[in-house]
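Novice: Line order of the protein sequences matches chains C and E.
In terms of numbering that gives the first Met the number 0, the first sequence is residues 0 to 355.
In terms of numbering that gives the first Met the number 0, the second sequence is residues 0 to 296.
Just so you know, nobody snuck in bad clues.
Computed spacing ranges between beta-carbons, pair by pair: (1) C/V101 - E/R268: 27 to 33 Å; (2) C/F125 - E/P241: 28 to 34 Å; (3) C/K164 - E/N188: 51 to 57 Å.
Looking from chain E toward chain C, a few residues come up when the C-beta cut is under 8 Å (computed): (4) P87; (5) R93; (6) S95; (7) L97; (8) I101; (9) N109; (10) L110; (11) I112; (12) A117; (13) G266; (14) Y267; (15) L280.
Note that these hints are calculated values from the structure, not bench results.
Each residue gets a CB set at the ideal place from its N, CA and C atoms; glycine is no exception.
This is what each chain is made of:
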Amino acid sequence: MEGRARLELMLTLIVVLLTFGVLYIAQGNMNSFYIRVLNLAAIYAILALSLNLILGFTGMFSLGHAGFMCIGSYVAAILTMSPASKEIIYFMEPIHPWLANVEWPIWPAILLGGIIAALFGFLIGFPALRLRDDYLAIATLGFAEIIRIVVTNVIPITNGALGLKNIPSVDSLLVYWGCAIITIFVLMRIINSSWGYAFKAIRDNEIAAQAMGINIFKHKLMSFTIGAFFAGIAGALMSFLITSIDPTMYRFTFTFQILLIVVLGGMGSLSGSVIAAVIFSIAMEVLRFVEQPMNLLGMEVPGIPGMRMVIFSLALLLIILFYRRGLMGTNEFNWSWVLNRLGIRSSHRVKRGEAN
Amino acid sequence: MSLDIFLQNVANSITLGSLYALIAIGYTMVYGIIRLINFAHADLLMVAAYIAFYGMLIFTLPWYISFAIAIVLTTLLGVSIERVAYRPLRSAPRISVLISAIGVSFLLQNLGIVAIGARPKAFPRPEELVWNIQIGNISFLSLTILIPVVTIILLVLVTFMVKKTKMGIAMRAVSRDFETSSLMAVNVNKVIAATFAVGSALAAVGGIMWSMQYPQVDPLMGLFPGLKCFIAAVMGGIGSIPGAMIGGFVLGICEVMLVGFMPELSGYRDAFAFIVLILILLFRPGGILGENVVEKV
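Kindly produce the complete structure, drawing on both the sequences and the hints.
Specialist: This is the structure:
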């Protein structure tokens, strides 16, 4: 390994360790509201990363993310709720006997949430990924709606429209950001592997990619399934963060928010997605003031509920019309750029010269 | 199921089918010409319904004047959406235009929530248009007849316009080949604007009739009808006006009959249209009347 590469690896490790250190300290010292916002940011980051894999890296316009998230949420919630609270909550129809006494720890539940979401991603991808662009968008949106409608209607398993309450609460930054960091690493590895190159080739020109011998359908399905897996993980985390879920949460509106984050960060940039997710969740809280009554030049202005979403939809439109590349375009954060900026010159060019 | 209830269902399904058909035409025209699912089309229904609603209730205008104002304003809105949000992206990747369309749709919905509140409101039915008709044991609203009649008149008008007028010929030319028709001195921007105008006006009529039939308005009222009408357009063969008509009627009839014959499935009503869509896309992507297009390199 050359000096420069080793330095970059060291820096990455240091930053990861530092992040965990900061998270650990923050956990002890920050108030629960800020921790909640940061946890939400981690969930949004996972969602945006996984949608970006599908949309930004493979070029498939999927609007089904809320559906996969919904699956992850319900799987994790049903597996971890205590039998006692299940008995109380399922009062319309008793819960299916197989599920009544299940009480798993959170980690396997999160994992299974992801796996089942991935399974559905695979099954849905099989027919849907033969379609392209807007047809794919409408079909995946349709599948997400079907998932939501089925969840609303299979009352013995999901408790229907009443939703689930008393899901065990987890408020540890390490859990949420831990998952986010694992997601970043896994996706980074995928993007820089031969799969990743195949994904990008498909995005840039499907026919040319096919001519180069890339199995289009297999790679699309792979990207879609991996995306669904992480959306399921994010859904599971969402259950533990807000502790009560119902099917209306997972409407198409949710996918829209994730789409906004992906577009803001840059379609085809993992670091962009993470940055945009943090910006979005903070903006969600900061902009809360527009929905509350305020005192403007001595006049009482009543709060306008829903104003935040107007701002966000307007933001999406403006970005797509005037600044289509988003914050990062298809660039990634990388150490060489930082090091070059800091004036630390690379030495490997000289070395290569010597080798020749 | 008794004969009476069956006939009642038939009447309902024809009404719903005509509404779907009317709205589906807007989708199919726009898609035919710029290959874009105009997500905002669904929200034009809502805008038209609200303008008519406020015209009648707040400004106490007679129904025909508020309906006319609603149609005109919605048409203008439709044309300006194209001008502001779609035209600048005409040479951009298709995904960008789609995102822009979704953005417009969400903006309209959320503006609706902000401006008028998320709570549904009752839509007033003008007495001149809505009354009860009783034939034997079946009672139905005059709308059951009025809506299909209006739909058919408008369909005939649109078909005539597309087939016979100069603008219609230009529309067909542009939808067949964008660049060649602009070389043939067709003003493409004008033709696209005209397409949006016609589509939006039909959406406005559809929206107003929708809110008379199901007398309630809320900011998200366009969402599901919109998606279903797009599905109807795909079913019929997107880009084809008679196709959209057939798709709309088939979808409306199937939906009402599904709930009529199998009430235990009524919770899945909204899923039905999507299942139909997915089946159509898989087995006959060109739709009932459409032709399958193979992409050439």
